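The residues making up each chain are set out below.
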Amino acid sequence: MRRLVRAAGVAVLVAAGPAIGGTAQAAPDADGLLRLAHLSPDTPAVDVYVDAVADPDAGITLEGVGYGAVSEYQDVPTGSYTVSMRQAGASPDTPPVLSTTVEVTGDTARTVAGVGLFADLGLTIIEDSLQTPPAQQSRVRVLAGASNAETLDVGIAGGPSVATGLAFASTSEYVDVPAGSTTLTVAAGGQAPAELPVELAAGSVYSLVVLDADQGLRVEPVLDAAGAGVAPAGGVETGAGGAAGTGPSAGLVVMAAGGAAAVLVAGSRVRRRPARHASRRP
Amino acid sequence: MTGRRRVRAGAHRASSGRPSRTVLLLASALVAVAGLVAGFVLWPDGPSATTDRTGDAPVPAVREDLLRWTGTELPADIPVVAPAELRAGLLDAGGDPARFPASAAAGAGALRLLVDEPLPPGAVALASFDDPGGAAVTLVDPTPGEPTPEELGRRERLAAAVLANPGTGAEGAAAEVLRAADVDARLLGLLAVLVAQLDVRIAGFPPSAAEPADGPPARRVLLDRSGADQLAPGSPAAVRLTTFLAAQLPPFAADDVEVTVDGVLIGFRYASAPDAIVTARTP
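As you go down the protein sequences, you meet chains A and B in turn.
Numbering-wise (this note's numbering), the first sequence opens with residue 1274 and increments by one.
Numbering-wise (this note's numbering), the second sequence opens with residue 2 and increments by one.
These are computed hints drawn from the structure, not numbers from a lab.
Here the structure is a predicted model, which means the values were calculated and not measured.
A few of these clues could be false.
[Said to hold, decoys possible] Have a look at the derived ranges for each label pair, beta carbon to beta carbon:
id	chain 1	residue 1	chain 2	residue 2	range
1	B	120	A	1379	57 to 65 Å
2	B	85	A	1424	49 to 57 Å
3	B	108	A	1317	37 to 45 Å
4	B	154	A	1367	52 to 60 Å
5	B	234	A	1363	34 to 42 Å
[Unchecked claim] Partial chain A-side listing against chain B, Cβ under 8 Å, derived:
id	residue
6	1374
7	1376
8	1396
9	1429
Glycine included, each C-beta is placed from N, C-alpha and C at the ideal position.
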């Protein structure tokens, strides 16, 4: 599997993909949005199977989802789904293991995230915001996926706090912050904060995914929803580019990446398929 | 709460090829009548013949049934508190003292055995045993876990989705069970993925022996087909299904899997709060 971020870079995504719109106002029976995130540092890459319980012809397979990957949003009909996983590359005879069930409704976007360490791996369902913030604001939250940081403090330099004492494998609430070029402060376990520049588009909603890096941490801004001024891209939204930056701080290295239009699902392959697949999966 | 629906009845047994509740009741009645006749013949004084058949001393057959049931339907770590004489009889019959502790040592979460006692308020009956002497022995969970409204709603929607799958094939009582979402949340989650991935057909939700119709949500399901293939002993479809089941992890790992001529019987042992168990593992 390919990791989404390599070397010193963190991909800050710039969008691509089908438009789900940052201001989605879906009808109750419309499709909902579902994506997957692998936030367990020591868990191998997995193939993930999302199957509609009521519809034998609806299913999604994401192959080779590795640590740090956040899939594109998938448009899926309202209904109940099972999410099962199998280690990537496992024998075709190896059955996938049911991990959770999740409901999708037309007015929701959800992230099914594998969290924690492998020995205590859990799946959690995270509600994503599709409601855009007020003018000239961005909305951000933190997904704590770095085992190097028992707790995280994340904020905007000179601005509001985004998360305080956020435990590993948990998610903070969304916070509205001033949009534009700004600086994130990230501190692990009460250490001195590192600073990194980011670009937050007005009217957009981001999840700041904090991950283990070879040294310290890295931060991946992932676009949850885009405002009218940002070209909506596909299922998964993309991010607004951030500038690369590192800020060594008491052993902590925080990296954000910038620039390139990389998609967080790098390495994963998404395909839709009939759900009757257990005996004929490759 | 409302999750404890009272819709699972004899039809389950009928659908799974097991004797219906009506038949069982008839048989019990016949046994009781036979017992009364025998009692009259052997103990013409009548009342004196019943004095040592009441309260805490059920006949050995009931003790054996109790031991068998608790051994196969309960997790090993759930204690069962019994009246003193019944407890002594169970231990004499080979019962594990850890399973049947003295009441003071039982702690919270213990189940209770009642002898000729009405069901306490809020309790749910897990199994009923009628001994030939007439004593009614009932195993109850005095404080069964109740699903939250969110958990119950999730269970109802998932059960409806299972029923809506055209391959499920649930009819009659089995369909009613799903409509009422009267299925243990662990079993329902497993059933959902089996329906979605293996195209299984539901033949019924057979209760365990001695389980009353108004017991807890169904913990067992009988599947008779996977796609076009019959689930029979040794069939490739049954092997594929049992392999799939063996790979599952808690809370969706079944406790008991049996391949029968009628299909594959999947069971979970009793849990007081299965919805909470599922929520804790898959929020």
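A quick look at each hint next to the structure:
Here the CB-CB span from residue 120 (chain B) to residue 1379 (chain A) is close to 44 Å, at odds with the stated 57 to 65 Å. Separation of residue 85 (chain B) from residue 1424 (chain A) is about 53 Å and conforms to the stated range, judged on CB atoms against 49 to 57 Å. Restraint check, residue 108 (chain B) to residue 1317 (chain A): a C-beta distance of roughly 40 Å satisfies the suggested window 37 to 45 Å. Range check, residue 154 (chain B) to residue 1367 (chain A): Cβ separation about 34 Å, and the 52 to 60 Å hint is violated.
One distance hint, 34 to 42 Å for the beta-carbon pair residue 234 (chain B) and residue 1363 (chain A), is violated here, with the actual separation near 28 Å. Contact between residue 1374 (chain A) and chain B, as hinted, is supported at the beta carbon level, the nearest pair being about 5 Å apart and thus within 8 Å. Hint status for residue 1376 (chain A): holds, given a least beta-carbon distance of 6 Å to chain B, under 8 Å. For the restraint placing residue 1396 (chain A) at the interface with chain B, the shortest Cβ-Cβ distance is roughly 6 Å, inside the 8 Å limit, so the hint holds.
Here the hint on residue 1429 (chain A) is broken, as its CB sits about 29 Å from the closest CB of chain B, past 8 Å.
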